[in-house]
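Number of protein chains: 2
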Amino acid sequence: MRYSLLLLAMAASLPLQAKTLSLKSPNGEIELRVSDDDAPHYAVLFHGKPVIGASKLGFDFTNAANFRGGFDITDSQRATVDSSWEQPWGEARIIEDKHNELVVSFTHPDSKQAYKVRFRAFDDGVGFRYEVNANTPLNIGRELTEFAIEDADKAEAWWIPGRGWNRYEYLYQHSKLADAALVQTPFTLKNKDGVHIAIHEAALVDYAAMTLNQRRPGTFVAELTPWSDGVAVKTNGTFNTPWRTLHIAPNATGLINSHLILNLNEPNQLGDVSWVEPGKYVGIWWGMHINKNTWGSGSQHGATTAETKKYLRFAADNGFDGVLVEGWNIGWDGDWFHNGDLFSFTKPFADFDIKAIADYGREVGARLIGHHETSGSVSNYRKQWDGAFSLYQKMGVAQVKTGYVADGGNIKRIDENGLERFEWHDGQFMVGEYLDNVKTAAKYQISINTHEPIKDTGLRRTYPNWLAREGARGQEYNAWGNPPNPPEHIAMLSFTRMLAGPMDFTPGIFDMSFNGLGDNTNRPQSTLAKQLALYVVLYSPIQMAADLPENYLKRPDAFQFIKDVPTDWEQSIALDGAVGDFVVMARKERKARQYSGNDWYLGAVTDENARDVTVKLDFLEPGKTFEAQIYQDGKDAEWKWRPYEMDIKKQTVRKGDTLSLHLAEGGGAAVRLKAL
Amino acid sequence: MRYSLLLLAMAASLPLQAKTLSLKSPNGEIELRVSDDDAPHYAVLFHGKPVIGASKLGFDFTNAANFRGGFDITDSQRATVDSSWEQPWGEARIIEDKHNELVVSFTHPDSKQAYKVRFRAFDDGVGFRYEVNANTPLNIGRELTEFAIEDADKAEAWWIPGRGWNRYEYLYQHSKLADAALVQTPFTLKNKDGVHIAIHEAALVDYAAMTLNQRRPGTFVAELTPWSDGVAVKTNGTFNTPWRTLHIAPNATGLINSHLILNLNEPNQLGDVSWVEPGKYVGIWWGMHINKNTWGSGSQHGATTAETKKYLRFAADNGFDGVLVEGWNIGWDGDWFHNGDLFSFTKPFADFDIKAIADYGREVGARLIGHHETSGSVSNYRKQWDGAFSLYQKMGVAQVKTGYVADGGNIKRIDENGLERFEWHDGQFMVGEYLDNVKTAAKYQISINTHEPIKDTGLRRTYPNWLAREGARGQEYNAWGNPPNPPEHIAMLSFTRMLAGPMDFTPGIFDMSFNGLGDNTNRPQSTLAKQLALYVVLYSPIQMAADLPENYLKRPDAFQFIKDVPTDWEQSIALDGAVGDFVVMARKERKARQYSGNDWYLGAVTDENARDVTVKLDFLEPGKTFEAQIYQDGKDAEWKWRPYEMDIKKQTVRKGDTLSLHLAEGGGAAVRLKAL
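Protein chains in written order, with full-length UniProt numbering: chain A, 1 to 676; chain B, 1 to 676.
None of these hints come from the bench; they were simulated from the model.
This one's a predicted model, so the numbers in the text were calculated from it and none came from an experiment.
Please note that a few of the clues may not be correct.
Chain copies aren't distinguished; within one or between two, either way the pair holds.
Said to hold, decoys possible - Lysine-lysine pairs mimicking DSBU-like chemistry, simulated, CA-CA at most 30 Å apart: (1) K234 - K292; (2) K116 - K412; (3) K49 - K355; (4) K154 - K176; (5) K439 - K49; (6) K640 - K347; (7) K394 - K176; (8) K591 - K154; (9) K24 - K347; (10) K192 - K56; (11) K412 - K635; (12) K49 - K650; (13) K154 - K116; (14) K112 - K383; (15) K309 - K554; (16) K412 - K56; (17) K412 - K234; (18) K616 - K176; (19) K292 - K309; (20) K443 - K347.
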C-alpha cells in the first residue's frame, strides 16, 4: 500500500509530458497544432506544409504573474459545427459556418493559474481567442501572441504602418516580408508556394486593437495599442480576447471568398433590424473637398437649406435614398480641428433649416443623412449624443456619418477627475466608445457610418446598424491627398482593408479635371469606367455617388450604371486577381426583380498596367438569359490624359459564356448582367 | 480709485500676451526662440534661417493634469558660461564649455502648475531639459517634445529603427527624411542647405530613453521606452529630464567636432579615478564567433587556464594591457540564451584556474579582463555582483565587460512580489540598472565596458569608470551577421552612433578569409589597411586587437601600427567626410613621448567606393618634424578579393604639408605621425 502511494506521489510530482493536439479544418487541408512543449504555442499547416511555425501564446500582466512558459495543457474539448445563418444585409445572404473547434486549457502546475484558448479551424482559415476566468482584475501589459511565418525570407507582404499619426490612412506598401516592421491588420502576405495569408482579428470588444510588430525576423508579435496611462487592456479578470484570425488560401481571391471574420462574431443582438436600410446616397461633401464650398458659414457654405433641397430633389429623381450634409451644425466656424469642443450636435447653422429640410425630404421621398463630426473630442460628443440622435429621429434621419478627425493618439476625453486624457483611436477606450455610439444610435433606430473609425472586425453581425466605416484612404485623398491614391490603390484595398468589412469609399467621381488632367495634380487617378467598377469591387451596403450632381447630368450614359447597381447582395465571388495588381468581382443582387429574377454584376479594376481579363460566366444560373450591359475603357483610354473614353455595349449571355474586358492603365470595367 | 482698481482687476484677468524669448550661441550663429503662443514651444535658427520650426514642449501625465497648451511664460533667467575642464581620459584632454543659458518658467494660470525648461546654446548645438518641482509623484505617460524639421520634404536622414528586437544592432538606413518612421538617437539628418543636425540626449539618468517618432510629416516627437506596466517614467515629482540635444553644423565633420554631449553632463562624481586606465587588449573571444572555440565546456573550450596564459604572454610581449576571457564561468553549458539565471558570476569552470591566471598575469605584466554575461537576467546578476566584483578585485582585474544578450523588451527582472517582469534595455528600469552596475564596480576600482547597453549619453564624464560600450553592430557581425557589416558601416557610425560616445567596436581583424574571400560570405567587408584605420577613426579608450594572435604574428608589418597606436588623446579633429561615405580623423596622443613630444595619428576610411583623400597637415605644431608612417591600401587592393595588399611607406612631414592617401573600395589608411 505504502509503496503504491509513494509511486503515486512520485508520479504526481513529475512534470507532465509535453502534449501536442491537432485540429483540422472540415476539408482537412488546414491543420492547427497546439503544444505546451517549453511554452504554450501553436502552429498551422496547409496541405501538410507548415505555413505558421511554432508561435507562442500568452500574456504579460502588470498586476499578476505572467502567462509565459511553464503552463501545461491540462484539458481539451472538441466540437464540430456545420450550420448556416442569414444576414439582414451584406455581401451575401446566407453565410455557411462549418468549422472544427478545440478548446485547450493551460494550467500552471505551481501557481494553478489557468486560461483557455479556443481554436476554430475553417476551410478558409483559423481563429483563436483566449478565455480567462480569474477572480481578480487583470491589467494586460503585453500580449505575447506570435505569428511566426515559415520561410519568412522568401515571403512578401502588403501593409500599412501600425501606429501612425494618420491612423489607417496610408498607402499600402508592397515589400519583402522582412521590411514590414510595425503593421496594421489586416496584414496580407504571400509565401513562396503562393499561399496567401491575412492576419486580422474578429469581434474586437472591450480590448485594445492588435497591431503586429516583426520581432525576430519572420515572427510577428501582437502589439496592443495602449491607454494614455500605458496599460494595454484593463479587465475585471473574466474576459475573452478578440479572435486572432488567419485567412489562409492558395491564391489571392481565396482571401476575399471567405466569411471567416463574420463567422467568428456573435449573432445579431439588436433583434428586429428592418429599420436598417442599405442604399445609395449623394451629398454636400465633395464640393468642400475640392474647395468649391466650405463647411463653415459664409458665401460658399455648402450646407444651406436651398442646396440641401436641390440635392434631395436630385436624389429622389434618381433613385438615391439619402443626402449626406456636412457643415450643417454650429462649430465649423472655429478652429474645430484643434478644439472639437466647439461642436454642437443639436444646433444647426442659421441657414440650415433642419425641419424644413426634413419635411421636404418626406415630400420628395429622400432622407437627410446626418453628420456628427467630433474632431476627436469624444466627451463633448457623448454628452450630447442622446439629444442629437433624438433630434435626428424626429427629423426622419435614419443614418448618421460620424467623424473622429484627429491625429492618432490625440482623441481627447475628460477623465473621472475632470482632466484631459489623450487616447488612440484603436485603444481599449475608443473601442468601447465607438461601440457605445452604435448601440446608442440603435435605440433611436439610426444606423452608423463611422469615419476615422476603429478597424472593422465583423461587429456588423452583432450590431447590424453598424453599416459601414472608413478606415483607409478613401476618395477624399484624390481631392487633396499628398499624393492622391495611386492606380494600384483599389487592387491593394481589395486584398487587405476589404477583408475586414465594408468600406464607405465614396466612389463615382466623374470629373477628373477639377485641377487639370495628367499625373501631377490632385485628382482621382482613375478612368471613368473604373469609377463605375468600384460599386461592385468595393463592398458597402451604403454607396455614395460622390460627385456634384451636375457632373452626373453631363454623363447620363455612365450614370445609368450607378442608378442601376444595388448595394445588397445575395452572393459575392472574387473571380480573379492579384494583390495590388487587379481584381475581378461578381455579385448577385439580393432583391429579385419581379418576373425576371436576380441580376448579376461584375466589376474589374487594374493598377497602372493595362490588362485584358477574361471572365467565364459559369456562376450564372443555368437556363437563364442575361443582357450584359458592359461599361469598359475605350481602346485608347488611360487614366492620365484620356480617362473619359468609355465604350458601352450590350450583348446577350448565358451560363458558360465568356466576357473579355479591356482595362486601360488605371482603368476598370463594370457590367450589369440584367436578368431577362 | 475704484476705476483704477477695476482696470487693475481687468488687467489681471486678461490672458497674458504671448511672449517669445531669444537665446543665441556665443558666436551668434545659432538662435533658439522660446514662446508660449498657443502652447509652449521652441524653434531654432542657424545663420538666421529656421532649421527647427515651431516644436511643442510638454508632458502627458497619467496621474495629474497634462502640461499641454495654456501655460504662460512667467519668468526667465539668463547666464553666460565661458570655461574649460579636463577629462581624466578621452578623445581630448581639455574640453571648452562656452554657452549661453536661458531658463524659462511656464505656469498655468488656472491650475498654477509650473515647470521650467533650461536651454543652453553652444556654438555647436543646443540642449534643453525640463525641470519639474511638484509636491506629488508624477508618472509620465507621454513626453510631448517635438523636433519639427524645416523643409522636411527636402531633407535626408541616416537612422536605425527605434524599438527593434535587436536593440541598437541594425544597419543604418539612408533615406529621405519622410521615410524615417520610428528611429533611435543619435538621429542624423541633413537639410537642403547642407546643414547637418543630430538629435540625441545627454545625461540619461532615472528616466526612459527617448526614441523619435515621425508624427506629422517632418515633425518628430519624443517616444519614451515604457516600463512593462506601460508607464514611461515614474518620478517622485521633483526631477530633471535628460537634456534633449541638437548638434548643428554646416557640414558633416562639424557634428563630430563637438563636445555638446559631454558639456551637458555633470562633472566627475567619483573623485580620484587614477585607477581607470585606457589601454589595448586582446582576448579569447573572436575564436568563439568564428566557431573555432566554444563558450561552453568541452574540447574546444576557449576559456582554459593554458589558453589564457598564452594570451597573457602575447599581451605582455606586445604592449597590451589585458586579456578578455569569455566563457570562464558556470552557466555557459546550459540554454543560457533563454535562461540567464544559469550564470554564476563567481564560480569558474573547472578548467579555468582564476587564481593561477591572476598570478601569471601579475608575473608577465598583463591583466585578466573580466566578463559578466547576464543574458538579460538582471536580478540574478544584481544579487551576485558584489561578490563577483570582489572576486575580480582580489584577482587584480581592473576592467569588466558586461553583457545583456536578450531581445529588446526581454530583460527579465524579479519584482517586489517575486514575479517576473520583462523590460526594455532602454526603459527607465534598465537605465538605472546599468548605472548601478557602474557605480558598484567603482567601489571595487573596476571599470566597465557594457555590451548590449543603454545608449551613451555622456555619463562617462560623471562616472569615468564607464569606459566604453557597444550599442551598435560591431565586429562580431562580420563573423556571422546576416549580412555582415557592409563597407559603408564605419562611415555611417562615425556620424551617428559615434556622436554619443566611445564604442568598443573591437577592430583589427587581419584574416578576412576564414569563410573564404569574395562578397558572399561572412567576413569583415574591409581591407587590412581599413582595419588599422579603425583604431583612429572609431574612438574608444579601450581598443581590442580582436583577431587570434597567430594572425597578428603573420603580419608583423601591419601589426606594428596596432602596437604603436595609443587610445588616449590630447585632441581629436574630424578633418573631412560625408555621412555614410568616408571620414578622415586626426588625433594627437595625450601622453608625450619623452624628449620628442606627442605623436599625431590619422585614420581614413571609405565605403564601397574607392577614394583619394588629400590631408592638409595644418594641425601639426609649427617648427616640428614628424615621420609619417603610412599604412594604405595597395593600388590594386579592394575589399572583396584583394584586401591584404597594403603599402607601408615613410616620409618626413611638417606643418602645412599635404598627404595624399589612396583608399580602395572598402578600404582605408592609417598613419602614425611620429614626433621626431
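Going through the hints against the structure:
no., hint, result
1, K234 - K292, "neither (46 Å within a copy, 51 Å between copies)"
2, K116 - K412, "between (35 Å within a copy, 25 Å between copies)"
3, K49 - K355, "neither (64 Å within a copy, 55 Å between copies)"
4, K154 - K176, "both (8 Å within a copy, 27 Å between copies)"
5, K439 - K49, "neither (44 Å within a copy, 53 Å between copies)"
6, K640 - K347, "neither (44 Å within a copy, 74 Å between copies)"
7, K394 - K176, "neither (54 Å within a copy, 54 Å between copies)"
8, K591 - K154, "neither (46 Å within a copy, 55 Å between copies)"
9, K24 - K347, "neither (57 Å within a copy, 51 Å between copies)"
10, K192 - K56, "within (23 Å within a copy, 47 Å between copies)"
11, K412 - K635, "neither (52 Å within a copy, 65 Å between copies)"
12, K49 - K650, "neither (47 Å within a copy, 64 Å between copies)"
13, K154 - K116, "neither (34 Å within a copy, 53 Å between copies)"
14, K112 - K383, "between (44 Å within a copy, 28 Å between copies)"
15, K309 - K554, "within (20 Å within a copy, 92 Å between copies)"
16, K412 - K56, "between (35 Å within a copy, 17 Å between copies)"
17, K412 - K234, "both (19 Å within a copy, 23 Å between copies)"
18, K616 - K176, "neither (33 Å within a copy, 46 Å between copies)"
19, K292 - K309, "within (18 Å within a copy, 84 Å between copies)"
20, K443 - K347, "within (21 Å within a copy, 71 Å between copies)"
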